[in-house]
Amino acid sequence: MADVTAATIPANAPEHCPGPESSTAGKASSCEGCPNQTICATQARGPDPDLPIISERLSGAHKILVLSGKGGVGKSTFASVLSQGLAQSSEVGLVDVDICGPSVPKLLGCENEQVHQSSNGWSPVYVQDGLSVMSVGFMLPSDSESVVWRGPRKTGMIKQFLRDVDWGQLDYMVFDTPPGTSDEHLAVVQLLSGISGAVLVTTPQEVALQDVRKEIDFCRKAKVPIIGVVENMSGFVCPGCQGESRIFYPSTGGAKKMCEELRVPLLGSIPLDPRIGRACDFGSSFLDTCADSPAATAYLDIIAQIKKIVNHQT
Amino acid sequence: MSNTDVGERLASIKHVILVLSGKGGVGKSSCTVQLALSLVNQGHKVGVLDIDLCGPSIPRMLGLENQQIHQATAGWVPVFADADKRLACMSIGFLLPSKDSSVVWRGPKKNAMIKQFLTDVYWGDLDYLLIDTPPGTSDEHLAAVEYLQEWNPDGAVIVTTPQAVALSDVKKEINFCEKVGLPILGLIENMSGFVCPHCAECTNVFSTGGGEGLAKHLDLPFLGRTPIDPNLVMLLEQEDKTQVPNVNDPDAEKEITGSIVETYQRCELSKIFAGIAKHLEESLSNKEQ
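Protein chains in written order, with full-length UniProt numbering: chain A, 1 to 314; chain B, 1 to 289.
I should point out that these hints are in silico values taken from the structure, not numbers from a laboratory. Be a bit skeptical, because a hint or two may be false.
[As the list claims (entries may be wrong)] Some but not every residue of chain A turned toward chain B, in silico, with C-beta under 10 Å:
#1 71
#2 106
#3 149
#4 214
#5 272
#6 273
#7 282
We put the CB at the ideal spot given by N, CA and C, even for glycine.
Using the sequences and the hints given, assemble the complete structure.
In structure tokens form, the structure reads like this:
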């Protein structure tokens, strides 16, 4: 289990707070007078009994998180394309932990599929050879139904995805996350052992980079290795005149400069191509439909790099 | 928990509007900023409250990075974006030690922060308070709606982009509004097309018309369709908000204006948003009658 004790100590805790996960939580002398003392003292503690089950179920798979502090930068698109790319030669499981806004079913064109229950647990949805998917989207009665859940319930759902789904033997597991640094992210990081690393997706403008810096800070706090940064939607080539423009202007040097500053690898830049969005809307595979486009080449190059880095670790 | 403190604090505010979207990165924050700037330009006093605690964008967009919150006897004093103090702003971004620090909080702590924003900020007299939210339908949204409930917020403006993937998340947000009884004031279709600065051809980067179709389908007021404007992106990006951005010729000498409110008026998009702001104003005054 990753050490997240430091991340769980609230910023306004009294000095020398042992952290709510520690065995002395609520009992240490520094807990005297803290408004959370009783909560800390009465909460169940110690290693979660489900952790060994999860780590056994998912053993042998490289676990890759797709993160970004910012929304709408293309996390789900990237996670889907990455999974499709990896699935060409291996067994891949894609877990959509974005509980409030699951996009993966739509992107992979399997919106109306259902999750079935078997004696080994939930069966994930098989999209193509070697690619199985799990998302809360498969469990909603209609696509306009909202999931208005607070943190603990979301954490419970994610745990079920990891513990109760019959994934079979996987080579890779890709996790698509919601924006931010909150319950879903903490849940994944705490429940998984041996995360291969995180791929951070960003767009070139400072407003997005700002949030990605926060996500890098989160990875460092939670001790998740960073595989690298992908700059999405960088540059747009007008289909009319072939003139290039930068829709999301990199006023602070874009992802390249940020990566240099924070010393994380930049895996590559993917240009903005309206065909990507269209492929997503129709649930078709962008890598297949536009195999020779510059965006597809960029994707394949990044996927190859991720494969190399992840396999090099073991 | 009593919400009467929220009521007291908001008594001096005429209208409270939430800006929502199930999807991230569709332009909630930039639409909030543009609405605020348009309302200020039309002579109103406006406050912007940023409750996106994990990814606050408003300070950068309004050029208020590195500003500090001050404590007065009446409460926290918001940061003002213009010299006349007609545009006030509050965000967690002002409270963080550095722009790189992450806020790794679970729900209950976020709720407490939002409550504090609603009870402790000394807004003074405002015509509009715009609340910018994070994506999703979770803790932050429930907290804001819950604390505002007794006080009856005017409603929500929903922002979407035209592609189907965004629309399915937005449908969830509309469903959320219905569940919690929050009226929907209208829908904005953002990033609808991009006009190439070289040849003026409009490309629908994220398709087009989806938002309008959805509004029609669900019988919601459609507030307008706004294209991607690189000049606006640049204005929201640059640190000095008094420079008029010019993407076609970035090295040319920049025109200097008095404040961000004035600079924004030089952007093409301001005309569309002026219309949206007017539309909102009218529908709110109709509601009162």
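Hint-by-hint comparison with the structure:
no. : hint : in the structure
1   : 71   : 1 Å, holds
2   : 106  : 5 Å, holds
3   : 149  : 6 Å, holds
4   : 214  : 4 Å, holds
5   : 272  : 6 Å, holds
6   : 273  : 9 Å, holds
7   : 282  : 8 Å, holds
The structure fails none of the hints (numbered hints given earlier).
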